[in-house]
Amino acid sequence: MTGRPASPSTLATAEEPVVFVIDDDPSVREALSNLFRSVGLRAEAFGSAHEFLQCKLPNVPSCLILDIRLPRVSGLDFQAELAKADIHIPIIFMTGHGDIPMTVRAMKAGAVDFLTKPFRDQDMLDAVTAAIERDRNSRDEAKVLANLHALFATLTPRERQVMALVTAGLMNKQIAAEIGVAEITVKIHRGHIMRKMAAKSLPDLVRMAELLGIGPASGRPQT
Amino acid sequence: MMRNPAIRSWRAAEQWLLGSMALALGAAAGIWLLLGPAPTTTPYFIAITLLVASLAASVIMMGLVGRSSRQMEALLQGRASAEARAIETLRNSEAQWKEVFEHNPVMYFMVDATGTVLSVNTFGAAQLGYSVDELLGQSVLKVFPAEERQTAQSNVAVCLGNIGRTHSWEICKIRKDGSTLWVRENAKAVRLMNDQPIVLIACEDITERKQAENALRQSEMYLAEAQRLSHTGSFGWRAGSDELIWSEETFRIFGFDKAPSIKRATVIQRIHPDDRARVLRTTKRALSEWKDFEHGYRLLMPDGSVKHVHARAHAVKDTSSGIDFVGAVSDVTARKRAEVELHEAQASLAHVTRVTALGELAASIAHEVNQPLAAVVTNAAACQRWLDREPPDLKEARATVESIIRDGNRAGEVIQRVRALVNKATDQKTAIHINDVINEVISLVQHQLLSHQVMLRLELSPDLPLVLADRIQLQQVILNLVINGIEAMQPVTDRPRELVIRTCQDETQIMVTVKDCGVGLATENLERLFEAFFTTKPRGMGMGLSICRSIVGAHGGRLSASANAGPGATFQFSLPSNQEGAP
Numbered sequence: 001m002t003g004r005p006a007s008p009s010t011l012a013t014a015e016e017p018v019v020f021v022i023d024d025d026p027s028v029r030e031a032l033s034n035l036f037r038s039v040g041l042r043a044e045a046f047g048s049a050h051e052f053l054q055c056k057l058p059n060v061p062s063c064l065i066l067d068i069r070l071p072r073v074s075g076l077d078f079q080a081e082l083a084k085a086d087i088h089i090p091i092i093f094m095t096g097h098g099d100i101p102m103t104v105r106a107m108k109a110g111a112v113d114f115l116t117k118p119f120r121d122q123d124m125l126d127a128v129t130a131a132i133e134r135d136r137n138s139r140d141e142a143k144v145l146a147n148l149h150a151l152f153a154t155l156t157p158r159e160r161q162v163m164a165l166v167t168a169g170l171m172n173k174q175i176a177a178e179i180g181v182a183e184i185t186v187k188i189h190r191g192h193i194m195r196k197m198a199a200k201s202l203p204d205l206v207r208m209a210e211l212l213g214i215g216p217a218s219g220r221p222q223t
Numbered sequence: 001m002m003r004n005p006a007i008r009s010w011r012a013a014e015q016w017l018l019g020s021m022a023l024a025l026g027a028a029a030g031i032w033l034l035l036g037p038a039p040t041t042t043p044y045f046i047a048i049t050l051l052v053a054s055l056a057a058s059v060i061m062m063g064l065v066g067r068s069s070r071q072m073e074a075l076l077q078g079r080a081s082a083e084a085r086a087i088e089t090l091r092n093s094e095a096q097w098k099e100v101f102e103h104n105p106v107m108y109f110m111v112d113a114t115g116t117v118l119s120v121n122t123f124g125a126a127q128l129g130y131s132v133d134e135l136l137g138q139s140v141l142k143v144f145p146a147e148e149r150q151t152a153q154s155n156v157a158v159c160l161g162n163i164g165r166t167h168s169w170e171i172c173k174i175r176k177d178g179s180t181l182w183v184r185e186n187a188k189a190v191r192l193m194n195d196q197p198i199v200l201i202a203c204e205d206i207t208e209r210k211q212a213e214n215a216l217r218q219s220e221m222y223l224a225e226a227q228r229l230s231h232t233g234s235f236g237w238r239a240g241s242d243e244l245i246w247s248e249e250t251f252r253i254f255g256f257d258k259a260p261s262i263k264r265a266t267v268i269q270r271i272h273p274d275d276r277a278r279v280l281r282t283t284k285r286a287l288s289e290w291k292d293f294e295h296g297y298r299l300l301m302p303d304g305s306v307k308h309v310h311a312r313a314h315a316v317k318d319t320s321s322g323i324d325f326v327g328a329v330s331d332v333t334a335r336k337r338a339e340v341e342l343h344e345a346q347a348s349l350a351h352v353t354r355v356t357a358l359g360e361l362a363a364s365i366a367h368e369v370n371q372p373l374a375a376v377v378t379n380a381a382a383c384q385r386w387l388d389r390e391p392p393d394l395k396e397a398r399a400t401v402e403s404i405i406r407d408g409n410r411a412g413e414v415i416q417r418v419r420a421l422v423n424k425a426t427d428q429k430t431a432i433h434i435n436d437v438i439n440e441v442i443s444l445v446q447h448q449l450l451s452h453q454v455m456l457r458l459e460l461s462p463d464l465p466l467v468l469a470d471r472i473q474l475q476q477v478i479l480n481l482v483i484n485g486i487e488a489m490q491p492v493t494d495r496p497r498e499l500v501i502r503t504c505q506d507e508t509q510i511m512v513t514v515k516d517c518g519v520g521l522a523t524e525n526l527e528r529l530f531e532a533f534f535t536t537k538p539r540g541m542g543m544g545l546s547i548c549r550s551i552v553g554a555h556g557g558r559l560s561a562s563a564n565a566g567p568g569a570t571f572q573f574s575l576p577s578n579q580e581g582a583p
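Protein sequence lines correspond, in order, to chains A and B. Taking the working numbering, the leading residue of the first sequence gets 1, the next gets one more, and so forth. Taking the working numbering, the leading residue of the second sequence gets 1, the next gets one more, and so forth.
Simulated from the structure, these hints should not be mistaken for laboratory data. Some hints here could point you the wrong way.
[To be verified] Listed next, the stretches of chain B that the computed footprint assigns to chain A, with coverage defined by at least 3 CB atoms under 8 Å from CB atoms of chain A:
hint, region
1, 367-375
2, 443-454
[As the list claims (entries may be wrong)] Far from chain B, some chain A residues (derived; all Cβ distances over 12 Å):
hint, residue
3, Arg29
4, Leu53
5, Asn59
6, Leu70
7, Ala85
8, Ile87
9, Gly110
10, Ala142
11, Arg160
12, Ala176
13, Gly191
14, Pro203
Because the structure is a prediction, the values reported are computed rather than measured. Glycine residues also receive a C-beta, built at the ideal position from the N, C-alpha and C atoms.
Working from the sequences, and respecting the hints, build out all of it.
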C-alpha cells in the first residue's frame, strides 16, 4: 500500500467512507489523497490493481478511482475482473486522454463517472460523493436483503412452500388443496411466516418474496 | 709515262741539230779548201784549222748538249712520276671520300637558293626511298610533308641569311612510300666560286629518339593530367639542402609558381598556423626515424582561403639521387567539404528522424507531461481547501505547495527533454553516464510501454565508466531501439511482451543491449537492416537504424543486430570507455 495511510483513529470508525485510488503515478495518487484529506475524506492509494486486491476491503461505503491505463491490466479490464469477483464498488475512471469508445464501455460497465486529467477538483469530489452515496445505498439494500435471507432461513421447508404460494396470490383453500393439508394448517403456517419474517402485511411479504427471488415455482413441491 | 717519248724525241732533235750544224760548218770549210787558196798558204792553214776546230767544237758541243739533255730528261722524268703519284693519291682520296659521302649513315643534301637539290648522297636518298637521280634537280620540298614545307623553306632562308653559320633543327620528312621520319638537320650556307650561295645540309635520323621522346612526353603528360585530375601532386624532399622538388600539380596545390625546386621554409609559411607545429613535428620525427609518414593539414592561401591537403611520403633508401623522401600530396578540400556537408545532411536527417520518433511518442509525451500537471492542479485545489479551513491548515498547505513545485519541475523536465530532442544543433560530446541516458529515454516511453502492454526489464550495470558522447544523439539511438522493440512485439499475443535493456562493460568499451521477444529478424534482412530506406514497417521511413549506426559509428562504436535463440531480436551497440585517446 502506498500513498498517505489513513490515521488509525479513522480506521476504527466503521461507517466512515473510504476512497480508493489506483494510479501508477505516485504524484497523482498522492495529490488525490491530499485532495480527499483536505475535505475530510479518508483515502487509500495503490500503485497497481494487484496491490489493491492484496488489501482487505473494509465494510464501509467506498468508491474506487481508477486510471484507465494501468501497468499490466487496463482499468477497463480490471473493472470487469472486479465484477466477475463479485466486488461491486462504484468506479470513477481517470484518463490522460479519454476517447468515446472507452468512455462508453466504462459507463456501460457501470462506471460512476469518467474524468479526464487534469480534472477540476470539484468534479472529482462530486463524482466521489455520488459514488459513495450509491455505494451506501447499495450497501443498505444489501443489508436489508441479508436480513431477509436470515429471516427466511428460520422458516421450515413447509413454511417456505406456503410463503411462496401465498405471495403468488393463492387463497388458503387453494394452498391447502395444492399441498394436501387442511385449510386450518395453512392459516397456522401463514401466522408463523408473518411473525418470523416480521412482515406487517401481505404486500410487505410479497415485496420480501420479490427481493428474495421467491416465485411460485419454488413453492411447489418437488415431484 | 705518256710524256717520255716526247722528251726523248726532243733530246734527239737537239743532238741532231747540233751535229748537223758542226757538219755543215766542216763541209763549208772543206769546200772552201778545195776551191780556194793553195794548200801552203796561210788562208789554207787557217781554213784547215777552222775545219778541225769546227769539228772539235761540234763534237764537244754534241757531248755538252747530250749531257744537259740527259740531265733535263732525268729531271723531267722525275717530275712526271711525282705528278702521277700525286694524281694517284688524289684519285684514291677522292674515291675514298666519295665512298664516305655516299655511304656515311648521314643524309647529305646540297641545295641551291631556290631549294633545288644539287647533290644528295646515296644513303640520304635511300633513307627517303628514292634513288639519287630521282632527287637531283628536284625541289627539296618534295621530301617534306605539306605541313612541314613552310618550316623547311624558312629554315633554308635563315641559313642563306647567315652565310657561313651553322644552324640546326628537327623536322619531319616524308618518304617516297608516304611514311615519315624525324631528322635532325645541321645546315650551313656557303658561297661557291661563282659566288652562288648553296646550302649544305646533313640530316640524322632521330625517329626512334623522337618516338621515345614522344612516348616520354606523352607519359609525362598523362602523369601531369592524372595529377591534375586527381588533385594529387608529387614531391621529393632533399633533407640535406632542405629543398623540395615538386611536380606541376604540387606547385598548383600550394599556389606557388613553377620552379625547379622550392625551399621548405617557404612552403612551411603556407601551412595554416594552427597546423604548422604538428606538421613540423611529424616531418622531424619521420626524418630522425627515417620512416614513411602520412599526415593531413591545412594550407592558408594568400587570398585567405583554406585548403585541406593530405600528404604521404616514403623514405627513400637509395640516396644516389639526393632525395630522402618521395611522396604524394592530395588536395582533399573538396572531399573535406563534402564530408562536412555529409555530416550536416546526416545531422539534419537525424534531426528529422528524431522528430519523427517523437511524433510517434506524442501520446506518451503528452502523458508524461499530463501526469504531473494533473497532480499539480489537484494539489493546488487541495492546497486551497487546506487554506480555506478554519483555522487554515498551513502545515498541510505548505507540504502541498512543495509537491506542486516538485511536480511542476517534473513536467518541465519532460518538456526540456523533448525540446532537446527536437533541437537541431547537437554534436556536443561530454562525459556522461549511459545509464542516465537510458533512464531519460525510459521516462519518455513509459506510456508507450504501458499502452502496448510491454514489460520493461532494466539490467543496468551500476559501475560503468563514463562515455564521451553526445547525450541527445545517444538518446536518439536508444529511443529508436526501444521503439523498434516495442513495435516488434505488437503482434505478439501468446507470450508476455518483454523488453530488456542491459548495460555491461569490458576492458575498453561499454555495451548497451536492447532485447525484445517480438517477430524477430529475417536472416535475409539482417545485412540490410542498417541500410538507408530499408524498412519492414508499413509506414516506416527506413532511416532510423541507418542513422543510429552512423551516430554510434561517429562515437567510435558499433551497432549490430542479431536474432535471438528464442523469439525476437537483440540490438547491441558498443561505445569506447572514456579513456585517453577516446574519439
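Hints, verified against the model:
no., hint, result
1, 367-375, "holds (count 7)"
2, 443-454, "holds (count 4)"
3, Arg29, "violated, 9 Å"
4, Leu53, "holds, 19 Å"
5, Asn59, "holds, 28 Å"
6, Leu70, "violated, 8 Å"
7, Ala85, "holds, 21 Å"
8, Ile87, "holds, 23 Å"
9, Gly110, "holds, 24 Å"
10, Ala142, "holds, 32 Å"
11, Arg160, "holds, 50 Å"
12, Ala176, "holds, 64 Å"
13, Gly191, "holds, 58 Å"
14, Pro203, "holds, 48 Å"
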